[in-house]
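S.K.: Residues per chain, in single letters:
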Amino acid sequence: MSDGNGAGTQGTEATPARPGPQDAQDAQGTAQAEESWSISWPLVAERARTGITVAGQGLVLLAVAVTGLVVSFLTLAVVVLPGPGLVAYGSGRNHANAGLALALALPVFIVGLFVASQLLPAIRQLASTTRRLSTRWCGVPIADPYLPRPGAGGEDVGLGRRLTWRLADPATWRDLLWALVNGCVGAVLAALPAGLLVAGFLGLFAPYASLGLRLVFIAAAVLEVWTSPWLLRGYGYFAHSLLAPTRQAELALRVRQLAETRTEALDTKAAEIRRIERDLHDGAQARLVAMGMTLDAAGQIIDTNPEAARALLYEARDASVKALAELRALVRGIHPPVLADRGLADAIHALALDTPMRIHLASDLHGRPPAPVESAAYFAVSELLANVSKHAEARETWIDIRYTDGMLRIGVTDNGHGGADPSRGTGLHGIERRLAAFDGILAISSPPGGPTAVTMEIPCELSLPKTSFS
Amino acid sequence: MRVVIAEDLFLLRDGLTRMLQAHGLEITAAVDNGADLLAAVAKDQPDVAIVDVRLPPTFTDEGIRAALAARKTTPGLPVLVLSQYVEQLYARELLASGSGGIGYLLKDRVFDSAQFVDAVRRVAAGGTAMDPEVIARLLARNTDNASVGALSPREREVLALMAEGRSNAAIAQRLVITERAVAKHTASIFIKLDLQPSDDDNRRVLAVLAYLEG
Chain B
1 MSDGNGAGTQ GTEATPARPG PQDAQDAQGT AQAEESWSIS WPLVAERART
51 GITVAGQGLV LLAVAVTGLV VSFLTLAVVV LPGPGLVAYG SGRNHANAGL
101 ALALALPVFI VGLFVASQLL PAIRQLASTT RRLSTRWCGV PIADPYLPRP
151 GAGGEDVGLG RRLTWRLADP ATWRDLLWAL VNGCVGAVLA ALPAGLLVAG
201 FLGLFAPYAS LGLRLVFIAA AVLEVWTSPW LLRGYGYFAH SLLAPTRQAE
251 LALRVRQLAE TRTEALDTKA AEIRRIERDL HDGAQARLVA MGMTLDAAGQ
301 IIDTNPEAAR ALLYEARDAS VKALAELRAL VRGIHPPVLA DRGLADAIHA
351 LALDTPMRIH LASDLHGRPP APVESAAYFA VSELLANVSK HAEARETWID
401 IRYTDGMLRI GVTDNGHGGA DPSRGTGLHG IERRLAAFDG ILAISSPPGG
451 PTAVTMEIPC ELSLPKTSFS
Chain S
1 MRVVIAEDLF LLRDGLTRML QAHGLEITAA VDNGADLLAA VAKDQPDVAI
51 VDVRLPPTFT DEGIRAALAA RKTTPGLPVL VLSQYVEQLY ARELLASGSG
101 GIGYLLKDRV FDSAQFVDAV RRVAAGGTAM DPEVIARLLA RNTDNASVGA
151 LSPREREVLA LMAEGRSNAA IAQRLVITER AVAKHTASIF IKLDLQPSDD
201 DNRRVLAVLA YLEG
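Those protein sequences? They're chains B and S, same order as listed.
Residue numbering for the first sequence follows this note's numbering, beginning at 1 and increasing consecutively.
Residue numbering for the second sequence follows this note's numbering, beginning at 1 and increasing consecutively.
Keep in mind that the hints were calculated from the coordinates and are not lab data.
Note that the structure is predicted; figures quoted are calculated from it, not measured.
Note that beta-carbon positions come from the ideal geometry of N, C-alpha and C, so glycine has one too.
Fair warning: there could be bad hints in the mix.
Computed list of lysine-lysine pairs in DSBU-like fashion (alpha-carbon distance at most 35 Å, straight line) [claimed, not checked]:
1) S:Lys107 with S:Lys192
2) B:Lys269 with S:Lys184
3) S:Lys107 with S:Lys72
4) B:Lys390 with B:Lys269
5) B:Lys322 with S:Lys107
6) S:Lys43 with S:Lys72
7) S:Lys107 with S:Lys184
8) S:Lys192 with B:Lys390
9) B:Lys390 with S:Lys107
Some but not every residue of chain S turned toward chain B, in silico, with C-beta under 7 Å [to be verified]:
10) Arg2
11) Asp44
12) Asp61
13) Tyr85
14) Glu87
15) Gln88
16) Phe111
17) Ala114
18) Arg141
19) Thr143
20) Asn145
Input sequences plus hints: build the corresponding full structure.
M.R.: Pasting the structure below:
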């Protein structure tokens with residue numbers, strides 16, 4: 001994910017939360033809100049700086065657009081020119097090698113297709129770059145519209161499937177169309193800020209120009225400086241029109257994602273139920289059977305050997321204590337009692353009390369999330385704390401629970417040595433998958449040397465808080 | 001001794017009643033919910049109330065809340081809370097509800113009726129009865145604590161039993177040592193943990209618990 005703000009552009013405010021498209025838009029919004037109509041020199045200087053930055057960014061976008069145009073022309077050219085060219089050449093009556101040309105036409109055409117298909121990734125790369133830049137610089141976030149890459153699960157995928165994956169994706173063809181249109185229209189839009197500035201320079205310094213022309217040119221530069229925040233935004237909207245996922249692509253992605261998370265959620269549940277069944281079977285159930293047999297033995301000898309019978313009875317009692325302890329541990333793993341009793345905040349408080357580490361808990365949760373969300377959030381925090389105890393060598397951990405804008409946010413930060421990698425450990429990945437079932441996400445920042453900050457977000461509704469008794 | 005019991009499961013309520021009666025305690029009321037408990041406490045003025053954590057109508061922590069409410073209306077009312085599981089969170093809330101006369105035990109402890117009745121009497125007398133599991137978890141929390149780490153294994157055993165609320169005599173009996181030895185261990189513990197020594201058993205327990213809760 002991008003770092004939210006372009007290098008030294010509108011990024012004066014630090015966005016504390018997870019950087020993302022929404023933040024980029026907010027940053028742009030703030031920049032606009034600061035605008036005022038009274039003349040103030042710092043503001044003018046600020047505007048001039050922004051104007052120059054915008055012109056530079058426009059030039060970068062221009063470079064991307066021109067590259068895209070070249071590559072897309074090349075792509076079309078290698079398909080359209082050599083093969084059909086040979087056919088045209090061979091069809092001419094008077095050529096000596098007409099037959100050879102015709103015979104070569106098909107293989108050359110196929111090679112052309114192959115070369116073109118190899119150029120498609122470059123176009124996709126350029127389109128993706130434009131999307132990122134639009135998000136960062138133009139304040140118009142554009143999501144990726146592509147079908148998921150085959151073999152993301154780790155299996156080996158042949159060239160054929162990779163090729164079909166690209167060719168069958170409507171987004172590929174929209175990218176190509178984009179590259180062509182952007183090379184003409186987009187290039188003009190992108191070059192506009194720089195062009196207006198250059199006009200201003202010409203107006204100031206060009207020899208032999210009439211005063212009127214100079215004034216018009218200078219006015220152009222002033223216009224650029226004054227409207228620069230909106231100039232790039234215009235380009236962003238233009239890019240959005242072709243590069244953003246179509247409604248259909250969005251829905252297709254959503255369906256695919258829902259199917260995946262549903263399957264995973266069901267698999268996890270099924271595995272959990274199997275584990276519980278096994279634990280009951282090998283634990284409490286077995287102990288109850290043993291208890292029954294011990295009690296029966298006691299009953300048989302109680303008249304002949306009361307002392308031995310008494311020993312057996314005590315044995316049965318101890319077995320019942322062990323069975324109860326096992327059932328307690330099992331219940332804790334299924335649904336912790338405090339979570340059922342008091343809800344998420346108190347359950348995490350209870351968890352913190354049982355963790356041999358100093359934990360600072362801040363909770364701002366008025367009401368209870370739906371039970372499945374509570375449970376997922378609880379076990380996620382539990383797993384994170386276990387990770388911290390096991391790997392981070394942290395002495396303190398801060399847990400922050402809050403609910404804002406329909407989103408349950410939980411932050412877990414430790415002062416350990418960092419270096420946590422979600423792609424390596426199965427724990428973090430497991431949490432991520434469990435949260436995905438609720439459209440929840442997990443973001444992690446863990447530079448070597450620490451600290452490690454994990455943020456979870458789960459969209460959900462809160463039910464009204466329970467009235468308290470005490 | 002007069003006892004009020006609040007337990008919603010008939011079998012357990014009946015069993016508790018008979019067991020306590022067998023040990024010569026008088027059961028003035030055996031109710032199955034929090035509201036009736038408050039009424040019975042107000043009417044009978046018992047020496048101790050034994051309360052299950054899960055009671056109707058919510059079957060969550062009704063019992064804890066009823067116990068806290070009862071201690072608010074009848075300050076100093078000794079309450080022994082029973083539960084299928086013990087939580088430090090609830091132990092803290094109970095301990096914070098007033099000094100002394102508080103117990104928090106797993107239901108399993110009922111199996112050893114002599115020990116259990118001893119705990120009931122202790123709580124009724126204004127003492128403390130914390131479940132060994134609560135104490136074990138409290139101690140686990142303090143593994144990194146240098147002062148606790150400085151205790152000898154024997155001292156740690158004494159500390160755990162003391163935190164449960166047992167008297168020196170009971171600790172001596174449990175560890176099969178003399179009472180004088182226990183007194184020596186407790187003195188050493190109080191020095192190592194830098195706690196104010198106290199002859200009052202209950203104040204001593206609360207100081208230790210407060211220390212471990214950190």
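S.K.: Next, verify each hint and record whether it holds.
M.R.: Taking the hints in turn, this is what the structure says about them:
1. For the hint pairing Lys107 (chain S) with Lys192 (chain S), the CA-to-CA distance comes to about 34 Å; that is within 35 Å, so the pair holds.
2. For the proposed pair Lys269 (chain B) and Lys184 (chain S), the alpha carbon gap of about 54 Å is over 35 Å, so the pair is violated.
3. Restraint check: the Cα-Cα separation between Lys107 (chain S) and Lys72 (chain S) comes to about 25 Å, which is no more than 35 Å; the hinted pair holds.
4. Of the supplied pair hints, the one linking Lys390 (chain B) and Lys269 (chain B) holds, its CA atoms being roughly 26 Å apart against a limit of 35 Å.
5. Between Lys322 (chain B) and Lys107 (chain S), the direct Cα distance comes to roughly 13 Å. Compliance with the 35 Å bound is thereby established for this hinted pair.
6. Straight-line distance between C-alpha atoms of Lys43 (chain S) and Lys72 (chain S) comes to about 15 Å, which keeps the hinted pair within the 35 Å bound.
7. As the CA atoms of Lys107 (chain S) and Lys184 (chain S) are separated by approximately 33 Å, the hinted pair is consistent with the 35 Å bound.
8. For the hint linking Lys192 (chain S) to Lys390 (chain B), the alpha-carbon distance of about 29 Å falls within 35 Å, and the restraint holds.
9. At roughly 32 Å between alpha-carbon atoms, Lys390 (chain B) and Lys107 (chain S) fall within 35 Å of each other, so this suggested pair holds.
10. Against a cut-off of 7 Å between C-beta atoms, the interface hint on Arg2 (chain S) is violated, since the closest Cβ of chain B lies about 25 Å away.
11. Hint status for Asp44 (chain S): violated, given a least beta-carbon distance of 21 Å to chain B, over 7 Å.
12. A distance limit of 7 Å between C-beta atoms decides the matter here; for Asp61 (chain S) the minimum to chain B is near 4 Å, and the interface restraint holds.
13. The criterion of a C-beta within 7 Å of any C-beta in chain B is met by Tyr85 (chain S), whose closest approach is roughly 5 Å, and the hint holds.
14. Interface hint status for Glu87 (chain S): upheld, as the beta-carbon distance to the closest one in chain B is roughly 5 Å, under 7 Å.
15. Interface restraint check for Gln88 (chain S): the shortest CB-CB distance to chain B comes to about 4 Å, inside 7 Å, so the restraint holds.
16. For Phe111 (chain S), the interface hint holds, since its Cβ comes within 7 Å of a Cβ in chain B; the closest pair sits about 5 Å apart.
17. Here the hint on Ala114 (chain S) is broken, as its CB sits about 13 Å from the closest CB of chain B, past 7 Å.
18. Hint on Arg141 (chain S) holds. Least Cβ distance to chain B is approximately 5 Å, under the 7 Å limit.
19. With its C-beta approaching chain B no nearer than about 5 Å, Thr143 (chain S) sits inside the 7 Å limit, and its interface hint holds.
20. With its C-beta approaching chain B no nearer than about 9 Å, Asn145 (chain S) sits outside the 7 Å limit, and its interface hint is violated.
Going down the numbered hints, you'll see the structure goes against 2, 10, 11, 17, 20, while the others check out.
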